[in-house]
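Visitor: Turn these sequences into a full structure, and let the hints guide you.
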Amino acid sequence: MSTPLTDALRPWWRWLFVLPGLAAVGYGAHGLLTAGGRVPLGSWATWFVGSALLHDLVLAPLWIGLGWLAARWLPRAARPVVAVAAAVSGVLTLVALPFVLARGRDPRNPSFLPRDYGLTLLLVVAAVWALAAVWAAVAVRRARG
Amino acid sequence: MTLDRLLGARLPGPPAALRRGPFREGAFSSPLHSERRAARTGVLLGLAFAVCFLTGLVSHLVQHPPSWWVWPASPSWLYRVTQGVHVATGLASIPLLLVKLWTVYPKLFAWPPAGSPARLVGRLSLLVLVGASTMQLLTGLVNIAEWYPWAFFFTTTHYWTGWLAIGAVAVHVGAKAPEIRRGLARRGSPAATAGLPAGEATAQAAADDAAETNAVPRRAFVLAGGLAVGAVTLATVGQTVSPLARVSVLGPREPGVGPQRLPVRQTAHKAGTADVGADYRLTVAGPRPLSLSLADLQALPQATERLPITCVEGWSANATWTGVRLADLLEEAGLPRGTEVTVESLQTGGLYRVSTVSPPHARSPRTLLALRLDGEQLAPDHGYPVRLIAPNRPGVMQTKWVTRIAPGSGGIGA
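Protein chains in written order, with my numbering: chain A, 575 to 719; chain B, 23 to 436.
Calculated directly from the structure, the hints in this document are not laboratory data. Note that beta-carbon positions come from the ideal geometry of N, C-alpha and C, so glycine has one too.
Computed cross-link-like contacts, SDA-like style, restricted to lysine to any residue with a CA-CA straight-line distance of at most 25 Å:
| # | chain 1 | residue 1 | chain 2 | residue 2 |
| --- | --- | --- | --- | --- |
| 1 | B | K129 | B | T224 |
| 2 | B | K129 | A | W637 |
| 3 | B | K198 | A | W589 |
| 4 | B | K129 | A | V632 |
| 5 | B | K129 | B | A220 |
| 6 | B | K129 | B | L160 |
| 7 | B | K292 | A | P681 |
| 8 | B | K198 | A | D630 |
| 9 | B | K129 | A | L627 |
Sample of chain A residues with no beta-carbon within 10 Å of chain B, all distances over it, derived:
| # | residue |
| --- | --- |
| 10 | L643 |
| 11 | W703 |
| 12 | A711 |
| 13 | G719 |
Guide: Written as structure tokens, this is what we have:
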């Protein structure tokens with residue numbers, strides 16, 4: 575067996591994170607396990623694992639698939655701009671989605687979700703892509719020129 | 023040493039024929055899937071999580087104060103800032119977390135999936151980190167949309183999972199200390215590859231150099247992350263930073279929109295307090311018990327204060343309130359100023375029917391039993407005929423439709 579290149583005990587400050595971190599995880603787990611009817615563990619576990627899987631099996635593959643398509647079809651000079659526009663519009667869509675779906679809307683409380691979020695999101699995303707299209711066209715032209 | 027042997031023992035890998043798709047060597051070609059980008063994004067995300075955790079802890083302590091906790095009545099905007107920061111930082115963490123997970127995504131398909139028991143334990147511990155982080159941000163977002171597609175009580179779950187998340191982040195920082203040190207060192211410096219075997223060090227340095235001139239280069243990566251954080255923040259933060267209200271077109275609330283130009287969380291209809299009749303009385307228990315009609319309250323000396331309503335959901339708005347000072351009323355009832363009291367609502371149920379006014383707030387001359395909002399009689403949704411409005415308290419503790427005040431503690435804030 576060869577000697578490891580790194581010493582597991584170092585740097586010393588790692589223990590200032592690991593030990594309190596383990597304590598916090600233990601405290602949180604204990605709190606969840608003893609919360610009784612307020613935290614049904616089946617529902618908690620569904621959201622805990624489900625949120626991670628939503629990223630790993632849906633969002634990330636979608637993003638990587640789009641990247642693959644962009645690499646195949648777009649001129650090289652346009653790809654940075656398209657990546658930026660996709661990141662901005664994608665994350666805005668994700669954050670606005672619960673407001674667009676508006677499952678919590680209450681007709682007796684017009685102060686909650688006061689806008690048409692579907693239309694607003696569409697306009698914002700369209701503006702982002704319009705800007706990106708101009709920028710990408712300029713970048714491609716420059717790269718050719 | 024036996025433990026080392028055991029943890030480091032080589033586990034049998036799956037047959038090589040299964041190594042397909044994302045499991046293939048070099049399946050992820052971008053040099054931005056790197057230790058360097060992971061460490062640098064991680065610093066920002068770690069700071070964001072620390073801010074979220076601490077501001078969340080403050081909110082929890084204000085609503086469920088242990089005996090050692092004292093929350094002041096001044097400055098009146100403090101809770102508005104901490105809770106506004108809590109929700110804004112949580113929203114900004116969504117793009118940061120997505121970027122961070124992207125940088126390390128190829129590791130999900132490492133081959134063999136678990137080379138040793140130590141690796142297996144390490145990967146399972148990452149499930150705690152990723153599960154807690156994604157769940158906190160996702161359920162937090164869905165919660166501010168007032169949509170509850172789960173069987174748990176949100177605040178309890180969010181609080182305990184928050185400890186899990188911050189703990190898992192801390193353990194991760196400790197576990198990845200050498201990688202973080204390398205990732206934060208200047209590119210090309212010896213520290214950037216410290217501790218790596220020679221071959222790996224060369225490959226990593228080459229990949230980091232390639233990231234500068236990649237089709238989507240490092241600068242585009244940083245710009246994408248930065249603009250995504252900026253866009254999410256700008257699109258929502260106006261729900262609490264009112265000058266940006268018109269800019270934040272995707273925020274769930276807009277200060278200035280609602281009955282009497284102020285947003286509402288709990289409606290009178292839901293609380294069952296839409297029709298308060300002439301028989302309404304406010305009772306104050308004490309050595310000289312009081313029973314006051316709305317006209318009696320209007321006849322008492324009135325005070326006007328400009329105080330914010332701050333919802334735990336992250337929106338807030340300032341308003342001008344007029345009514346009777348709580349401290350005056352307590353004195354009238356023969357109670358010393360600063361007596362801890364409970365304030366009870368006419369609403370028949372709900373977790374926030376009763377709130378405790380702690381001594382700093384009971385004593386504060388700015389704590390009102392408000393009868394008017396911006397000069398008008400309170401709208402039913404704002405608590406007609408009488409609501410509590412105190413400086414530096416969350417909205418759930420600004421009890422509406424108040425009907426009884428008594429010394430003691432109970433309900434939210436007890």
